Amino acid sequence: MADLRLVHLSKQFAAAAAVHDFSLDVSEGELMCLLGPSGCGKTTTLRMIGGFITPDAGDILIDGTSVLRQPPERRPTAMVFQRFNLWPHMTVTDNIAFGLRLRRLSPSTIERKVTETLALVGLPGAGGKWPHQLSGGEQQRVAVARALVLEPKILLLDEPFSNLDARLRVRMREELKILQRQVGITTVFVTHDQEEALTLADRIAVMNKGVVQQVDTPSALYRRPQALFVADFIGAMNFVQTQYSRARGAFVSGGVGVAASGNWTDGQAVTMAFRPEDVMFVEGDSGVPGQVRRVVNLGHYLEITVDCPGLGAIKVFADGQHPATDGQHLSVFFRRILLYADGTSVTEIETPRLSRLPPADALQNSASF
Amino acid sequence: MTAVASALRERVGGLLWFWSIGAFRRTLPWLFLAGLAVFILGPLLSLILWAFAGQWFYPALLPDEFSLKWWPVVFGNRSVVASIQNSLVTAPVVTLLSAVICLPAAYAFARFQFPGRRALLLSFLSANSFPKIGLYISIATLFYRLHLMTTYWGVVLIQLVGTLLFMIWIPAGTFRGINRSLEEAARDVGASGLRTFFQITLPIAMPGLLVAGLFAFLAAFDEAQGTLIVGSPNYITMPVMMYTLVLNYPQPVGAVFSILLTLPSLVLLLLAQRLLRQGYLAAGYTL
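Keeping their order, the protein sequence lines are chains A and B. Just so you know, we're using numbering that gives the first Met the number 0 here: the first sequence kicks off at 0 and counts up by one. Just so you know, we're using numbering that gives the first Met the number 0 here: the second sequence kicks off at 0 and counts up by one.
Think of the hints as simulated: they come from the structure by calculation, not from any bench. Remember, predicted model here, so these are calculated numbers, not experimental data. Even glycine gets a Cβ: it sits at the ideal position worked out from N, Cα and C. Careful, some of the hints might be misleading.
Claimed, not checked - Partner residues are not named here, just some residues of chain B that face chain A (Cβ under 7 Å, in silico):
1. 9
2. 25
3. 27
4. 102
5. 107
6. 178
7. 181
8. 187
9. 190
10. 202
11. 203
12. 247
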C-alpha cells in the first residue's frame with residue numbers, strides 16, 4: 000500500500016502525445032482514473048509512472064521516494080496493458096510465475112501464490128491452459144493476476160478493457176472494482192471511456208492536450224465541471240453562446256435573457272451550459288417557447304430535441320410520463336445553469352430567472368450591440 | 000458495354016458452347032492443377048528415373064533396365080565424397096555465423112530508430128539485386144590479397160553474402176511483428192533487457208527465425224558461383240562438383256548426385272513444417 004505523487008511532470012514528443020506540467024496526488028488505496036480523448040497524454044503519463052518513458056522534467060514519488068532513476072524492472076509498479084499482455088509461449092501458470100521466479104522464490108511459495116492469485120481473479124484451475132485457449136476477458140484477468148502476484152505498490156492499467164465487447168467490459172469493470180477494494184491497492188487507470196471512469200474511479204483526472212483540466216470525484220466532476228472542455232467531455236451538455244447586457248442585467252442570447260447578479264462588463268461573451276436532465280417542460284408563459292423537432296426513445300428515458308428561437312436546438316432528457324410528439328409546441332425551463340468565460344467556470348445559477356423580449360425589442364436590442 | 004457483350008456472345012458464343020456446361024467449368028481448376036503438377040513434378044520424376052536407370056535409350060518411355068549401379072560410382076569417387084563432406088561442414092557454419100551476425104542487426108532494424116536505417120536495410124537487398132558474378136570476382140581480388148582464396152573460411156565468407164538477405168529481412172519482420180508490450184510486460188515484472196530478449200522475444204520469434212535459418216542454410220548449401228570462384232580447385236562443395244559430374248560423367252551420375260543435393264532441403268523442409276505446426280503460434284493466438 001502506498002501513495003503516489005506526480006510533481007510537475009512534463010514530456011515533449013515529436014509525434015506522440017505530450018504532457019505539460021502534470022501534478023497529481025493519488026492517496027493510498029485510491030483508484031485514480033486518467034480520462035481524456037485519444038492523444039491527450041494519459042497513456043504517456045501512465046508509461047512515465049511505469050518507467051517506460053523518461054520525463055523531461057518533474058518527479059514521480061512513491062511513498063515519498065523518487066523512482067525516476069529506476070528502470071521499469073526495479074519500480075514497485077505493475078502494469079496491465081491494453082492488449083497482447085500474455086506471453087504466448089508460456090502457460091497461464093508460467094506467465095504468472097515469471098516474475099516470481101526472477102525473484103528466486105521457492106517453488107512451493109510460487110505455486111501457492113499462483114494458485115491464490117488465480118482464485119482471486121476468478122480463474123481457479125486455469126493454470127495449465129495456454130493463452131490462446133482463453134477468451135479475451137480471461138486473458139485480461141490473467142494479466143491482472145500477473146500484475147497482482149508480485150504485490151506491487153502501484154497497479155497501472157492502460158485501457159485494459161478496450162478490446163473486449165461491451166457486455167464483458169461492464170462485467171470486468173465491476174470485477175476490477177471489487178478486486179481493487181479487496182486488495183486495497185493504489186491504482187491508476189487510463190481510459191477514454193467516460194462511463195468506465197465514472198463507474199470505476201474514486202477520483203478522475205480529466206486531461207486534454209497534455210494538460211490536466213480537473214481532478215475530482217465523479218459526482219463533483221459531473222455536477223460542477225471546472226472547464227468548458229470537461230463540461231463538454233463528461234456527459235451530455237447543452238451549450239448556448241450569450242452576451243451580458245448591462246441594461247437588462249442578464250445574459251442574452253437572441254430574445255432570451257437569463258438574469259444574473261454580480262458585476263459583469265457589458266457585452267462580455269459567456270457560454271451557458273446546462274444538462275439535458277436539468278431542462279423541464281413548463282406550462283404557460285414562464286419558460287422559453289420551443290417546438291419539438293425529434294423524440295428518440297432510449298428505453299428508460301426520452302431524448303427530445305427542442306428548437307428554441309434564440310437558444311437553438313436543445314437536448315432534453317424526459318421520462319416517459321411526459322410524452323412529446325414531433326412538432327409539438329411547448330415551453331422549457333432550466334433547473335440549473337453553469338456559466339463559462341474563456342473556457343473556465345465562472346459561476347452557476349440555480350433556478351434562473353428568465354426574461355423574454357418581444358420580437359421587435361429583440362431586434363432593437365441586437366441592433367444596439 | 001452490354002451491346003458489345005451481346006454482339007460478342009453472338010459471334011463467339013457458338014465456339015465456346017462448352018463454357019456453359021457446369022461440369023467443364025468445375026474440372027477446369029483440376030486441369031490447371033494437373034498441368035502445374037506435371038510442370039513441377041515431371042522433371043523431378045525424370046530425375047529419379049535417371050538415377051535408377053541402368054540403361055535408357057531414346058525412344059523408350061521408361062528405362063530399359065533399372066539398376067543401382069551408378070550409386071557406387073558416385074560414392075566411390077573420392078573427390079565426390081570430399082565435396083559432400085565439404086558442403087556439410089560449410090553450410091551449417093555459414094548459417095550459424097549468419098545468425099550470430101544478422102539477428103542482432105535484425106532486432107535493431109525492427110526496434111530502434113537510427114539515422115540511415117532504411118538505407119542500411121535496403122543495402123542488404125543490393126547484394127541480391129546485381130549480377131552476383133561481378134560482385135564475386137571483385138571480392139575474389141580482395142581475397143587474393145588476404146590469402147583467403149581456396150580456403151575454408153574464404154568459402155564460408157563468400158557463402159555468407161547470399162544468406163544476409165534472408166537472415167536480416169525475415170527476422171526483422173518477425174521481430175517487428177512481436178508486440179512491444181509483450182517485452183514491456185516482462186520488464187515490468189522484473190526482467191532485465193537481456194533476459195527479456197532471451198526468455199520472451201527470442202522464443203516468440205523462433206518460428207520466423209527457423210524459417211530464416213532454413214532459407215539461409217539452403218542459400219549457402221546451393222551456392223555455386225561464389226564457391227566455384229573462391230574455393231576451386233582445392234575446396235569443392237556439392238553444387239560445384241555438380242558442374243564436373245554433369246560435364247564429365249554419364250547422365251545417371253548427375254541424376255544420382257542431384258538427388259543427394261536435394262535431400263538436405265527436403266529433410267529440412269519437412270522438419271520445419273513439423274516444428275511450425277507444433278508451434279504455439281500456429282494455434283492462432285488472438286485477443
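Let's test the interface hint: is any C-beta of chain A closer than 7 Å to that of residue 107/B? It is violated, given that the least Cβ distance between residue 107/B and chain A is near 19 Å, above 7 Å.
Was the hint right that residue 202/B lines chain A, CB cutoff 7 Å? holds (5 Å)
Measuring from the C-beta of residue 190/B to each C-beta in chain A, is the shortest one below 7 Å? Cβ of residue 190/B sits 6 Å from chain A, so the hint holds.
Hold the hint about residue 203/B up to the distance rule: shortest CB distance to chain A must be less than 7 Å. holds (6 Å)
If you take the shortest Cβ to Cβ gap from residue 187/B to chain A, is it below 7 Å? holds (5 Å)
Residue 9/B as an interface hint toward chain A, with CB separation required under 7 Å: Violated. Min distance 55 Å.
Chain A contact restraint on residue 178/B - CB to CB distance below 7 Å: Result: holds, 4 Å to nearest chain A Cβ.
Given residue 247/B as an interface hint, is its Cβ closer than 7 Å to any Cβ of chain A? violated (52 Å)
Quick check on the hint: residue 25/B CB to chain A CB, less than 7 Å? Given a least distance of 37 Å, the restraint on residue 25/B is violated.
Per the CB criterion, is residue 27/B less than 7 Å away from chain A? violated (39 Å)
Is the hint on residue 102/B kept, meaning its closest Cβ partner in chain A is under 7 Å away? violated (18 Å)
Would the stated hint for residue 181/B survive a check requiring a Cβ distance to chain A of less than 7 Å? holds (6 Å)
Of the numbered hints given earlier, the model fails hints 1, 2, 3, 4, 5, 12; all others are met.
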